[in-house]
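K.L.:
What follows is the residue order along each chain.
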Amino acid sequence: QQQVKQSPQSLIVQKGGISIINCAYENTAFDYFPWYQQFPGKGPALLIAIRPDVSEKKEGRFTISFNKSAKQFSLHIMDSQPGDSATYFCAASIDGGTSYGKLTFGQGTILTVHP
Amino acid sequence: DGGITQSPKYLFRKEGQNVTLSCEQNLNHDAMYWYRQDPGQGLRLIYYSQIVNDFQKGDIAEGYSVSREKKESFPLTVTSAQKNPTAFYLCASSIVLAGRNNEQFFGPGTRLTVL
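As you go down the protein sequences, you meet chains A and B in turn. Numbering (my numbering) for the first sequence: 1 to 115. Numbering (my numbering) for the second sequence: 116 to 230.
Bound conformation, chain B alone:
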C-alpha cells in the first residue's frame, strides 16, 4: 500500500520549543517537499530535496530546518525562531525525470498549534 504518511496528525507546542514533524514515503520518489498552508494564502514551499543528503530552501525557510538522510524520510523541525508556527503542514513527494515537473503526491498533513 504505497503512499505518504505524516505524523502526528495534530501537534501542540509551547512557545520556545522545537518540534519535529515526520514525513515518510514508500513510493520510491527521489524528490520530497514541505509546504505550509494558512487560510487564504494557498500553500507555500518551506524546503525541498531532490536527492538524499541534499536540500534547498523554499520561499519561507526561516525558522525551519530539515534533513534528508534516507530516500524515504524528510523530517521538518519547526524551531523556536519561527515567529508564527501555527499552521497546517503538508509533505509531498514526486519522481525526478529529466528535469521536468511531475505530479506531487501529498500526505494527509500535520496541524501544528502553538499554545
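Next comes chain A alone, as it looks inside the complex:
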C-alpha cells in the first residue's frame, strides 16, 4: 500500500521561479520527513528534513512546509536555477522502536528548470 503520495510527477519551471512539490501521507505515526535530491545516474542526497514539532523549516533557497492536520508537506525551491534540475523524493519514517531508519518514499518528481 502506497503510504506517501507525491505530486506532480514532473514539473517545468523558468529560471528564477518557485518550484513546489507536494506530498501526502497516511500513517499518522510518521514523525520524520526528509526530502532527497537525485541527479541522473547518482544516488539520492539529503536536501532538507523536518520533524512535526515545527510547521516550516528553511535552508537557503529550500523550504519545507508541514501541515500535520492535513497530513501533507511540501518542498518549495525559491529562485529556481538550472542546476536544481533533478529528481526530488519526499519520504517519511517513524522515530523510535524498531521502525526507525525505514524510510517510505514518494514516487518522485522530475524537476526541469529552463534558463
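Any given hint might turn out to be false.
Claimed, not checked - Cut-off 25 Å, straight-line C-alpha distance, at most; resulting in silico cross-link-like pairs (BS3-like, lysine-lysine):
{"no.": "1", "chain 1": "B", "residue 1": "K129", "chain 2": "A", "residue 2": "K102"}
{"no.": "2", "chain 1": "B", "residue 1": "K186", "chain 2": "A", "residue 2": "K5"}
{"no.": "3", "chain 1": "A", "residue 1": "K102", "chain 2": "A", "residue 2": "K5"}
{"no.": "4", "chain 1": "B", "residue 1": "K198", "chain 2": "B", "residue 2": "K186"}
{"no.": "5", "chain 1": "A", "residue 1": "K58", "chain 2": "A", "residue 2": "K71"}
{"no.": "6", "chain 1": "A", "residue 1": "K15", "chain 2": "A", "residue 2": "K58"}
{"no.": "7", "chain 1": "A", "residue 1": "K102", "chain 2": "A", "residue 2": "K15"}
{"no.": "8", "chain 1": "A", "residue 1": "K68", "chain 2": "A", "residue 2": "K5"}
{"no.": "9", "chain 1": "A", "residue 1": "K71", "chain 2": "A", "residue 2": "K15"}
{"no.": "10", "chain 1": "A", "residue 1": "K68", "chain 2": "A", "residue 2": "K58"}
{"no.": "11", "chain 1": "A", "residue 1": "K5", "chain 2": "B", "residue 2": "K172"}
{"no.": "12", "chain 1": "A", "residue 1": "K71", "chain 2": "A", "residue 2": "K42"}
{"no.": "13", "chain 1": "B", "residue 1": "K186", "chain 2": "A", "residue 2": "K42"}
{"no.": "14", "chain 1": "A", "residue 1": "K57", "chain 2": "A", "residue 2": "K5"}
{"no.": "15", "chain 1": "B", "residue 1": "K198", "chain 2": "B", "residue 2": "K129"}
{"no.": "16", "chain 1": "B", "residue 1": "K198", "chain 2": "A", "residue 2": "K102"}
{"no.": "17", "chain 1": "B", "residue 1": "K198", "chain 2": "B", "residue 2": "K185"}
{"no.": "18", "chain 1": "A", "residue 1": "K102", "chain 2": "B", "residue 2": "K186"}
{"no.": "19", "chain 1": "B", "residue 1": "K198", "chain 2": "A", "residue 2": "K68"}
{"no.": "20", "chain 1": "A", "residue 1": "K102", "chain 2": "A", "residue 2": "K57"}
{"no.": "21", "chain 1": "B", "residue 1": "K186", "chain 2": "B", "residue 2": "K124"}
FYI, nobody ran anything at the bench for these hints, they're computed from the structure.
Based on these hints, arrange chain B on the given structure of chain A.
P.N.:
Just chain B now, kept in the frame of chain A:
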C-alpha cells in the same frame, strides 16, 4: 575520503543466475540499507541492518538475501527467485542514535539488467 562504494556500476545477468551486489562504507555507520529504484515508483526498501550479524526484511525482500558479517559491508544477493530483477539498486548507511532517524547517505548505485 569517506563514503559509500557500490560495485559494479553496471551488471548484466542471465535469467536463472544469482548475482551479488557489493556495498562498502567507511563512515563507521552502524546501519545499512538496500533499496530498489524503478521508474515512477520511488525507492523501495529491500533489507536493512542496524547492527552486525542482524538484519531485517524491508517491504520487498522476496527473491533477495543479505549478510552483515562486518560493520562496513552489506552485500545483496539477487536470486533467481526474484521475478523482475532489472532495476537500479541503491545502498545507504546511517548512524544509529537513540532510536531517532538520521540522514541516510547513499552510494552511487548498481544498475542490474537481466538478459
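K.L.:
Taken at face value, is the distance from the CA of K57(A) to the CA of K102(A) at most 25 Å?
P.N.:
22 Å, holds
K.L.:
Between K186(B) and K42(A), is the straight-line Cα distance small enough, at 25 Å or below?
P.N.:
24 Å, holds
K.L.:
What's the verdict on K198(B) and K129(B), does the C-alpha distance respect the 25 Å limit or exceed it?
P.N.:
12 Å, holds
K.L.:
Please work out if K186(B) and K124(B) have their alpha carbons no farther apart than 25 Å.
P.N.:
Given that 25 Å is the threshold and the Cα spacing comes to 22 Å, the pair holds.
K.L.:
Does K186(B) lie within 25 Å of K198(B) when you go C-alpha to C-alpha?
P.N.:
30 Å, violated
K.L.:
With the threshold set at 25 Å, check whether the alpha-carbon distance from K102(A) to K15(A) stays at or below it.
P.N.:
The hint is violated at about 35 Å.
K.L.:
Between the alpha carbons of K129(B) and K102(A), is the straight-line distance 25 Å or under?
P.N.:
31 Å, violated
K.L.:
If you draw a straight line from the CA of K68(A) to the CA of K5(A), is it 25 Å or shorter?
P.N.:
Roughly 15 Å separates the two Cα atoms, so the pair holds.
K.L.:
Does K58(A) lie within 25 Å of K15(A) when you go C-alpha to C-alpha?
P.N.:
Roughly 20 Å separates the two Cα atoms, so the pair holds.
K.L.:
Does the alpha-carbon distance linking K57(A) and K5(A) stay inside the 25 Å limit?
P.N.:
21 Å, holds
K.L.:
So if I understand the rule, the pair passes when the alpha-carbon distance is 25 Å or less; does K186(B) with K5(A) pass?
P.N.:
Status violated; Cα separation ~34 Å.
K.L.:
Would the hint linking K198(B) and K102(A) be met if the CA-CA limit is 25 Å?
P.N.:
The hint holds at about 24 Å.
Hint compliance for this structure: hints 1, 2, 4, 7, 9, 12, 17, 19 are broken, all remaining hints hold.
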